[in-house]
Amino acid sequence: MVLALVEHDNGEVDDTSLETLTLARDVAEQAGESLEAIAFGPEADGIAETVGAYGVAVLNTVDHADLDDYAPEAYGRAVVQCAEETGTEAIIAPGTDRGAETLSHAASKLDVTMAAEVTDVEVGDDYELTRQRWGGTLIEHARLSADTNLLTVAPNEISASESGGDAADVSAFTPELDDGDLRVQLTRVEESDIEGVPLAEARVVVGGGRGTDGDFSELEDLVEKIPNAALGSSRAAVNEGWRPHDDQIGQTGNKIAPEIYIAAGISGAVQHMVGCKGAENILAINTDPEAAIVQKADWAVVADLHEVAPAMSEELESRGHAD
Amino acid sequence: MEVLTAIKRVPETGAKIVLTEDKLDIDTSSLGFTFSPHEECAVEEGVQLVEEHGGNVTVLTLGEEDATEQLRSAIAMGADDGILLESDEDRGPAGTAKAIADAASDADFDLLLFGNESADTANHQVGVRVAEQLGLPCVTGIKDLDVTDGTVTARREIPGGSEVYEVDLPAVVTVKEGLNEPRYPSMRAKMQARKASVEHDEPAAYDEGLELLELEVPESDDSPAEVLGESPDAADDAVDVLEDLEVL
Ligand SMILES: Cc1cc2nc3c(=O)[nH]c(=O)nc-3n(C[C@H](O)[C@H](O)[C@H](O)COP(=O)(O)OP(=O)(O)OC[C@H]3O[C@@H](n4cnc5c(N)ncnc54)[C@H](O)[C@@H]3O)c2cc1C
Ligand SMILES: Nc1ncnc2c1ncn2[C@@H]1O[C@H](COP(=O)(O)O)[C@@H](O)[C@H]1O
Chain X
1 MVLALVEHDN GEVDDTSLET LTLARDVAEQ AGESLEAIAF GPEADGIAET
51 VGAYGVAVLN TVDHADLDDY APEAYGRAVV QCAEETGTEA IIAPGTDRGA
101 ETLSHAASKL DVTMAAEVTD VEVGDDYELT RQRWGGTLIE HARLSADTNL
151 LTVAPNEISA SESGGDAADV SAFTPELDDG DLRVQLTRVE ESDIEGVPLA
201 EARVVVGGGR GTDGDFSELE DLVEKIPNAA LGSSRAAVNE GWRPHDDQIG
251 QTGNKIAPEI YIAAGISGAV QHMVGCKGAE NILAINTDPE AAIVQKADWA
301 VVADLHEVAP AMSEELESRG HAD
Chain R
1 MEVLTAIKRV PETGAKIVLT EDKLDIDTSS LGFTFSPHEE CAVEEGVQLV
51 EEHGGNVTVL TLGEEDATEQ LRSAIAMGAD DGILLESDED RGPAGTAKAI
101 ADAASDADFD LLLFGNESAD TANHQVGVRV AEQLGLPCVT GIKDLDVTDG
151 TVTARREIPG GSEVYEVDLP AVVTVKEGLN EPRYPSMRAK MQARKASVEH
201 DEPAAYDEGL ELLELEVPES DDSPAEVLGE SPDAADDAVD VLEDLEVL
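In the order they appear, the protein sequences are chains X and R. Going by my numbering, the first sequence opens with residue 1, and the numbers climb by one from there. Going by my numbering, the second sequence opens with residue 1, and the numbers climb by one from there.
Honestly, the hints are just simulated from the structure, not real lab data. All C-beta atoms, glycine included, are put in the ideal place defined by N, C-alpha and C. It is possible that some hints are incorrect.
Unchecked claim - Covered by chain X, according to a simulated footprint, are these stretches of chain R (three or more residues, beta-carbon under 8 Å):
| # | stretch |
| --- | --- |
| 1 | 31 to 45 |
| 2 | 59 to 68 |
| 3 | 186 to 198 |
Said to hold, decoys possible - Here are the simulated distance ranges between beta carbons:
| # | chain 1 | residue 1 | chain 2 | residue 2 | range |
| --- | --- | --- | --- | --- | --- |
| 4 | X | 109 | R | 89 | 24 to 30 Å |
| 5 | X | 180 | R | 29 | 16 to 22 Å |
| 6 | R | 148 | X | 228 | 57 to 63 Å |
| 7 | R | 151 | X | 10 | 50 to 56 Å |
| 8 | R | 169 | X | 109 | 18 to 24 Å |
| 9 | R | 222 | X | 192 | 24 to 30 Å |
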């Protein structure tokens with residue numbers, strides 16, 4: 001049996017979990033095993049139909065009086081006990097904060113190594129898998145060989161696909177928890193008050209780097225003239241103190257997926273580029289025709305961004321786009 | 001308060017990653033080395049907490065002798081002591097965590113700070129495993145941290161807000177860049193760090209269940225961009241592009 005951890009919001013399954021189910025089904029099929037799922041929280045039984053359509057035969061819903069909120073170690077314990085009870089050859093979780101954290105606890109309790117950010121698995125005697133390193137700029141082929149193979153799935157790399165199937169059978173599962181398992185539990189959720197278009201959702205992102213020399217005013221102007229646009233930056237600009245870290249795009253910052261990314265005064269280091277893998281198109285504005293970003297972009301303007309950006313704003317205005 | 005921070009020496013890759021011939025490593029012959037931005041924030045946080053509450057920051061790395069360079073960078077940022085767990089072979093996350101936990105169990109640390117994931121191998125688990133081995137509570141992916149009266153209040157970003165966790169010390173916390181603004185060490189601090197003594201230890205060998213077979217640099221579209229122009233006049237063409245994409 002292959003066990004997939006599924007995250008959901010009151011019965012609505014997260015996209016990353018649908019991707020996880022798609023990979024888990026592939027692993028189960030290759031291994032000639034059945035696919036089961038484990039889910040926590042209120043209304044977990046409400047996802048039986050969705051996961052069934054992805055090939056899940058049995059949905060294990062975790063039911064415990066003390067587990068009203070997310071608790072990473074307790075979740076890890078429950079996953080291990082469920083896997084042991086059902087006899088599992090692999091446990092597969094989404095590579096989200098919670099998924100990775102829960103599975104790390106499980107891996108540690110089972111004393112096996114977890115393979116993170118996996119995009120593909122070939123099942124033989126061992127699992128030969130493909131996973132991402134350096135935020136996706138490097139691919140690793142590796143062999144995982146444990147009694148139970150634990151892996152997390154890299155988000156946004158696998159396209160989720162249904163196999164068709166009836167609703168999964170729901171089986172309530174009550175783990176035995178130690179006191180220590182509940183030492184860490186979600187205390188509360190706070191809403192943030194950021195205004196404007198979130199970077200991750202913007203249709204147009206204008207990014208500025210060290211080439212701005214600290215003056216972002218022209219790029220800010222340009223963003224204001226484009227609907228659904230947001231301003232981003234490179235790590236160099238954040239390090240200089242020109243932009244807050246919330247604006248940073250890249251391996252240790254935001255991942256963006258706009259229709260077009262306008263990168264101004266940014267050289268195109270790999271750690272920056274992994275943050276904009278999701279961009280449909282890239283327009284580079286750079287004084288250096290040899291800059292790596294020019295190789296990676298679809299279009300380039302080889303000139304000073306402090307002149308190009310205002311000229312673009314003016315042109316948008318004269319064509320009546322800016323309000 | 002006694003703080004431990006764990007950092008990992010990694011190459012500073014530029015615009016393109018080049019592999020060694022056997023495809024088992026990055027060709028670092030022309031590269032410098034650094035440690036992850038997440039871990040820089042871990043060091044900075046430790047230093048700030050000790051400035052506020054008193055105590056010591058110990059910085060630890062597992063790696064080759066050369067990794068002493070990264071320990072010294074962290075000491076220049078304000079860490080007090082350095083520990084090198086010397087190991088020539090590449091270790092996986094389980095072996096790394098075991099070595100770190102063994103080393104940490106000799107001392108009484110109140111707070112152990114890790115990066116959320118290492119920059120190069122991104123295994124997402126060393127911090128959690130150390131916590132499990134030491135029997136400590138653990139929170140991961142933290143971007144905001146407060147310590148008052150022996151309690152850690154830690155925030156993790158989610159879309160539209162943050163999750164808040166409160167745990168008692170001693171605890172393990174893994175952090176992300178954005179937690180704070182790491183300082184640039186002064187010339188003097190760098191000079192002094194060069195002279196700081198670093199403790200050496202050799203962890204026992206470990207048999208890892210995840211074996212590297214081969215690395216691969218993903219295909220990228222390296223066809224050069226269409227150059228719209230070499231002066232601000234090209235702004236018109238740039239706006240044409242936006243119109244064609246119907247984003248206006
Ligand atoms: C582990 C790790 C993680 C990292 N994570 C990230 C990350 O998340 N995000 C990130 O961005 N970086 C990250 N980095 C840093 C990354 O390697 C680069 O150092 C950084 O992206 C460089 O920023 P930049 O392109 O703004 O600066 P530079 O590399 O200095 O490039 C500046 C560019 O501006 C151009 N320019 C100069 N003047 C002008 C002008 N007037 N008009 C137009 N163009 C001009 C120059 O030709 C040059 O191409 C990370 C590094 C490491 C080691
Ligand atoms: N070789 C190492 N030496 C010291 N700390 C490490 C090492 N490898 C990983 N770590 C720490 O564990 C964190 C998570 O690593 P990983 O589980 O590999 O993603 C890193 O950000 C470091 O803080």
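Taking the hints in turn, this is what the structure says about them:
1. 31 to 45: Holds, because 3 residues of the stretch 31 to 45 of chain R bring their Cβ atoms closer than 8 Å to Cβ atoms of chain X.
2. 59 to 68: violated (count 0)
3. 186 to 198: violated (count 0)
4. X/109 x R/89: 24 to 30 Å: holds, 26 Å
5. X/180 x R/29: 16 to 22 Å: violated, 48 Å
6. R/148 x X/228: 57 to 63 Å: Because 41 Å falls outside the window, the suggested range is violated.
7. R/151 x X/10: 50 to 56 Å: violated, 30 Å
8. R/169 x X/109: 18 to 24 Å: Once the Cβ atoms are compared, 23 Å apart, the range 18 to 24 Å for residue 109 of chain X and residue 169 of chain R holds.
9. R/222 x X/192: 24 to 30 Å: At roughly 38 Å between Cβ atoms, residue 192 of chain X and residue 222 of chain R fall outside 24 to 30 Å, so the hint is violated.
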